[in-house]
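Here the protein sequences come in this chain order: P and A. Take 1 as the starting number for the first sequence in the UniProt record's numbering and just add one per residue. Take 1 as the starting number for the second sequence in the UniProt record's numbering and just add one per residue.
Hints are supplied without guarantee of correctness; some may be wrong.
The calculated SDA-like cross-link candidates involving lysine to any residue, where the alpha carbons are at most 25 Å apart (straight line), are [said to hold, decoys possible]:
id: 1; chain 1: A; residue 1: Lys14; chain 2: P; residue 2: Ile137
id: 2; chain 1: A; residue 1: Lys97; chain 2: A; residue 2: Val13
id: 3; chain 1: A; residue 1: Lys60; chain 2: A; residue 2: Val123
id: 4; chain 1: P; residue 1: Lys24; chain 2: A; residue 2: Val13
id: 5; chain 1: A; residue 1: Lys14; chain 2: P; residue 2: Asp311
id: 6; chain 1: A; residue 1: Lys94; chain 2: P; residue 2: Lys46
id: 7; chain 1: A; residue 1: Lys48; chain 2: P; residue 2: Asn322
id: 8; chain 1: A; residue 1: Lys94; chain 2: P; residue 2: His101
id: 9; chain 1: A; residue 1: Lys60; chain 2: A; residue 2: Arg110
id: 10; chain 1: P; residue 1: Lys46; chain 2: P; residue 2: Thr163
id: 11; chain 1: P; residue 1: Lys299; chain 2: A; residue 2: Lys97
id: 12; chain 1: P; residue 1: Lys300; chain 2: P; residue 2: Ile316
id: 13; chain 1: P; residue 1: Lys288; chain 2: P; residue 2: Pro277
id: 14; chain 1: A; residue 1: Lys14; chain 2: P; residue 2: Ala138
id: 15; chain 1: A; residue 1: Lys94; chain 2: P; residue 2: Glu27
id: 16; chain 1: P; residue 1: Lys165; chain 2: P; residue 2: Ser321
id: 17; chain 1: P; residue 1: Lys56; chain 2: A; residue 2: Leu37
id: 18; chain 1: P; residue 1: Lys288; chain 2: P; residue 2: Asn312
id: 19; chain 1: A; residue 1: Lys14; chain 2: P; residue 2: Lys165
id: 20; chain 1: A; residue 1: Lys14; chain 2: P; residue 2: Ile303
Just so you have them, the derived chain A footprint on chain P, three or more residues with Cβ under 8 Å [claimed, not checked]:
id: 21; stretch: 40–52
id: 22; stretch: 87–101
To give a feel for the contact side, a few chain A residues facing chain P, derived at Cβ under 10 Å [said to hold, decoys possible]:
id: 23; residue: Val29
id: 24; residue: Ala56
id: 25; residue: Glu90
id: 26; residue: Gly96
Treat the hints as calculated values from the structure; they're not laboratory data. From the three backbone atoms N, C-alpha and C, an ideal C-beta is built for every residue, glycine too.
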Amino acid sequence: MSQKNPLHIPSPFQAQVDMTPAQKEQEYVHNVYQVIAPHFSATRYKPWPVVEEFLKTMPPGFVGADVGCGNGKYIGVNPSLFMVGSDRSSNLISICAERGHEAMVCDGLALPYRPQFFDFAISIAVIHHFISPERRIAAIEEILRVVRVGGRVLIFVWALEQTGKRDFDKDVQDVFVPWAMPKKSEPKKEKSKSRPQGIKKKDRKKALANDVETAAESMSQLAIQSDSAKDSEDQPVAQGMPVESAPMAQPVEASDTTQPAEEKEIVNPAPSQSAGPVFNRYYHLFQKGELEDLVLQTKKASIVQQGYDRDNWWCILEKTSN
Amino acid sequence: MRLITHNMLQCHVKGCNANNFPLELQEVVLEQEEAELNEDFLRNMLNKLEYEALVATCLKLDINDLPATMPADAMYNDEFLQILHRVILETHIKSGKMVCPNCQHIYNIRDGIPNMLLAEHEV
């Protein structure tokens with residue numbers, strides 16, 4: 001990327017020729033979370049009600065796995081349980097461990113646990129980061145492998161149909177969603193008026209794979225998309241951190257008002273500050289019914305309950321066979 | 001990493017499916033840290049634990065408190081549950097290595113955190 005790049009997208013995030021799905025996830029998911037870990041963690045503290053309810057209805061003494069636990073915000077929700085967290089990002093796991101949680105670094109497709117060990121598991125906002133249907137199913141199967149028959153699994157994934165905080169192009173399921181880091185620096189002048197929506201299906205290969213120019217262009221557009229995005233927990237840009245002077249500094253979510261002052265300082269810098277680097281995370285946005293389809297394709301679980309909450313599709317499944 | 005977690009870990013290198021548990025602890029630094037006793041959890045663990053592996057692992061770490069076999073009345077044996085609690089929940093591995101007895105893959109533990117990530121060709 002040239003030095004003129006106004007978005008400070010660092011070279012590690014340039015698209016590479018012939019990337020495998022695993023390499024793309026490394027580039028557009030793992031590397032990003034590794035870099036944004038402290039800032040990401042500072043915006044993640046309030047449990048989503050459906051997850052909290054799920055954990056609180058688990059019998060005392062149950063043993064659970066939080067696969068893709070991030071900073072571990074769900075691990076202490078019900079102290080009568082014993083939960084083990086895992087994440088690809090060692091920086092997020094460090095935060096998790098500092099909080100006294102049991103945590104390890106590992107890949108969701110290759111969990112290091114004995115089969116059928118756990119009474120339950122959760123996968124919150126994780127499966128949507130896998131780049132192909134095969135890998136998304138494999139991720140679900142791997143969770144099912146380590147849960148006992150009769151055990152329940154709660155899965156949350158981002159919805160394509162979300163209307164509240166973002167307005168995704170309904171034809172585009174595979175998108176980059178920018179994460180802007182806070183940073184004190186001179187405000188930038190460049191600003192485009194275009195309103196791109198992720199990567200069009202027909203452009204996906206181009207953008208994700210080879211042509212650096214194409215990728216750079218996609219990224220700039222995507223970053224600009226963050227300018228017009230409305231408020232969301234997943235939109236730190238919208239939480240009072242305009243990349244430029246875009247008027248999207250909406251009131252922060254109610255859940256954010258409990259934030260300690262110190263964290264607020266990070267998340268809501270003074271208006272005179274401009275944003276720092278922008279990192280693009282890959283997401284597969286799930287259509288209604290898509291998550292359930294994946295689950296049923298494993299033939300190892302039934303759907304106990306499902307719903308839509310906070311821009312996510314979620315379902316609770318029960319493992320029916322090994 | 002608590003000792004309980006060691007008891008649930010196995011080597012997961014592609015193709016390493018037999019004799020991949022328990023991972024052998026080496027160069028281990030331990031630390032005791034008090035935790036609240038959760039009897040429900042301990043009782044639930046009795047069926048999940050690979051008890052023999054736990055005892056063998058403990059002996060290598062010079063932890064000699066556990067009986068060689070699990071008492072028949074373990075479920076209601078307060079003294080045993082206390083010991084079990086101290087061993088599996090209050091004993092932390094701060095650093096060391098875990099070596100697969102089958103493929104010899106080494107998993108490092110640093111700052112109390114095991115790194116179970118594999119290289120792409122190992123998955």
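Right, here's what the structure says about each hint:
1. Lys14/A with Ile137/P: Roughly 18 Å between the alpha carbons, so the hint for Lys14/A and Ile137/P holds.
2. Lys97/A with Val13/A: holds (16 Å)
3. Lys60/A with Val123/A: violated (30 Å)
4. Lys24/P with Val13/A: The given pair, whose Cα atoms are some 21 Å apart, holds under the 25 Å limit.
5. Lys14/A with Asp311/P: Outside the cut-off at roughly 36 Å; violated.
6. Lys94/A with Lys46/P: violated (29 Å)
7. Lys48/A with Asn322/P: holds (17 Å)
8. Lys94/A with His101/P: Roughly 13 Å between the alpha carbons, so the hint for Lys94/A and His101/P holds.
9. Lys60/A with Arg110/A: Cα-Cα ~20 Å, so holds.
10. Lys46/P with Thr163/P: Within the cut-off at roughly 21 Å; holds.
11. Lys299/P with Lys97/A: Not OK: Lys299/P and Lys97/A at ~37 Å, beyond 25 Å, violated.
12. Lys300/P with Ile316/P: Holds - the C-alpha atoms of Ile316/P and Lys300/P are around 13 Å apart, at most 25 Å.
13. Lys288/P with Pro277/P: Answer violated: Lys288/P to Pro277/P is near 33 Å, above 25 Å.
14. Lys14/A with Ala138/P: holds (14 Å)
15. Lys94/A with Glu27/P: The given pair, whose Cα atoms are some 30 Å apart, is violated under the 25 Å limit.
16. Lys165/P with Ser321/P: Roughly 38 Å separates the two Cα atoms, so the pair is violated.
17. Lys56/P with Leu37/A: Roughly 19 Å separates the two Cα atoms, so the pair holds.
18. Lys288/P with Asn312/P: holds (10 Å)
19. Lys14/A with Lys165/P: violated (42 Å)
20. Lys14/A with Ile303/P: violated (30 Å)
21. 40–52: It is violated, with 0 qualifying residues against the three required.
22. 87–101: holds (count 5)
23. Val29: Violated, because the Cβ-Cβ distance from Val29/A to chain P comes to roughly 15 Å (cut-off 10 Å).
24. Ala56: violated (16 Å)
25. Glu90: With Cβ-Cβ at 12 Å, over 10 Å, it is violated.
26. Gly96: violated (14 Å)
The structure shown violates the earlier hints numbered 3, 5, 6, 11, 13, 15, 16, 19, 20, 21, 23, 24, 25 and 26.
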